[in-house]
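Colleague: The task is simple: from the sequences and hints, build the whole structure.
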Amino acid sequence: MTTTELTDPTVTLPVGDLVLTTALPRVNLLPPEIIEASRLRTIQLSMGAAVAAALVVVGGLWFVADQQAQAEQTNLDAASATQATVGRQVRELAPVAQVYAQVDQRRALLQTALGGDVEWSRYLTDLSLTVPDNVWLTSMNVTPDAGSAATTGTASAGAIATITFAGTALQHDDVALWLESLAKQKGYTSAYFNSSTEATVGGTKVVNFTSTVSVTRDALSGRYSQNAGK
Amino acid sequence: MTKTRLWLVLTAVAVVAVLAGGWFLLVSPKRAEADDLRTQTASTEQQIAVLRGKLDQLRAQQADLPAQQAVLEEISKQIPTDPALPALIRALTKAARTSGVDLASLQPSAPAPLAPVGTTTGTAATPIDVIQLAVTAQGTYAQVQQFVSRLETLQRAFLVRGFQLAPQSAGDTGANQLQLTVNGQVFTSAATAATAGTAATSGTVAN
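As given, the protein sequences belong to chains Y and B, one line each in that order.
So the first sequence is numbered by numbering that gives the first Met the number 0: it starts at 0 and just counts up by one.
So the second sequence is numbered by numbering that gives the first Met the number 0: it starts at 0 and just counts up by one.
It should be emphasised that the hints constitute simulated quantities derived from the structure, not laboratory data.
You can take every hint at face value.
Here are the simulated distance ranges between beta carbons:
(1) Thr92/B - Thr196/Y: 40 to 46 Å
(2) Thr84/Y - Ser108/B: 51 to 57 Å
(3) Val49/B - Ser224/Y: 29 to 35 Å
(4) Ala111/B - Ala96/Y: 29 to 35 Å
(5) Ala86/B - Ser224/Y: 23 to 29 Å
(6) Gln104/Y - Ala86/B: 20 to 26 Å
(7) Gly52/B - Ser224/Y: 24 to 30 Å
(8) Gly59/Y - Val8/B: 21 to 27 Å
(9) Ala59/B - Thr81/Y: 17 to 23 Å
(10) Pro13/Y - Thr3/B: 44 to 50 Å
(11) Ala165/B - Gln104/Y: 36 to 42 Å
Keep in mind it's a predicted model, so treat the numbers as computed, not measured.
Ideal placement from N, C-alpha and C gives every residue a C-beta, glycine not left out.
Modeller: Right under this line is the structure:
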């Protein structure tokens with residue numbers, strides 16, 4: 000089917016002094032099927048281009064992601080190499096750590112074994128200086144409490160040892176002085192006496208006494224504690 | 000629906016399919032891979048930081064290593080790995096001689112596992128054995144005090160658990176002579192005590 004268009008294009012014709020401009024009908028002689036097919040082909044090409052563009056976009060995104068992955072892989076490889084190097088250096092110094100661990104372990108052993116150490120020689124020295132006049136000690140017995148403080152009547156809670164003294168004094172008041180001097184000693188508590196009995200020695204009236212005192216944790220020397228020697 | 004419209008729809012579907020398929024099948028896995036690698040890198044760097052801290056600490060400790068080895072050696076002398084009774088006897092004899100006391104007797108027990116504080120048996124696992132040692136000596140108060148002081152400062156750790164101090168029994172000579180009986184403990188590292196203990200001599204050494 001032939002189509003006729005009357006509006007365009009225009010034609011200019013000289014007629015005497017006049018110039019006539021008139022529109023000529025444009026005639027498209029292509030069959031509509033051809034036109035439709037042509038339009039469809041154009042659309043198909045455009046659509047193909049769109050799909051291709053989508054592929055390009057996907058490819059571009061994949062490329063960028065791949066580049067990032069490669070960069071991250073490079074970073075990881077470098078970090079792994081550094082880790083291996085530092086790890087090897089740490090392993091090379093492992094004997095140092097072992098020595099320190101052994102020292103800590105041995106110190107803990109020392110603390111376990113000797114945590115209850117009391118410098119009794121110092122107490123013996125102090126004792127010789129603090130025994131009141133008119134009091135003479137005849138015997139001394141230091142007994143470790145070993146966790147039995149709760150079951151004994153005389154030992155105070157937390158006591159690590161009990162000392163039993165036997166001695167002689169001129170009178171009962173001297174025994175009182177003796178108990179007071181015991182109570183003043185650092186690490187001693189619960190100074191107590193079991194008996195104070197008059198007796199005669201060589202014609203002189205005296206008092207025989209026995210007393211006890213509990214030794215507290217304040218008396219511990221701490222020489223073998225964890226921090227000692229550090 | 001015209002062919003043109005059909006093609007438009009199909010194309011739109013194809014484009015969406017390509018974009019979605021490309022994203023989910025290609026781009027997203029690659030991005031996930033990159034994220035995973037980044038996470039691994041971060042984790043590795045954290046481990047490196049920890050290792051570097053440890054390395055710095057070890058290098059600092061290395062500078063003090065001789066002192067630590069000396070401490071270890073000192074502790075090994077305080078608590079040897081075997082009973083070392085001959086050395087102990089000599090040390091006690093020397094302490095008695097320098098203090099002026101007469102060392103009357105030494106009575107060690109067999110090594111036994113050390114009971115932790117608060118228990119009465121050695122059933123709890125402590126890698127240390129204890130040898131109970133009763134030491135009897137005679138001397139003046141000052142000599143006895145000196146002897147106890149020397150016991151406390153022996154190179155081998157000697158724990159004075161308790162003691163008795165009493166006038167020397169009748170018949171012995173010397174005024175102001177006291178008899179000291181020390182209930183002490185020495186220790187061995189239990190690592191080898193099981194075998195060493197069998198070789199330990201248990202008995203009384205008397206003058």
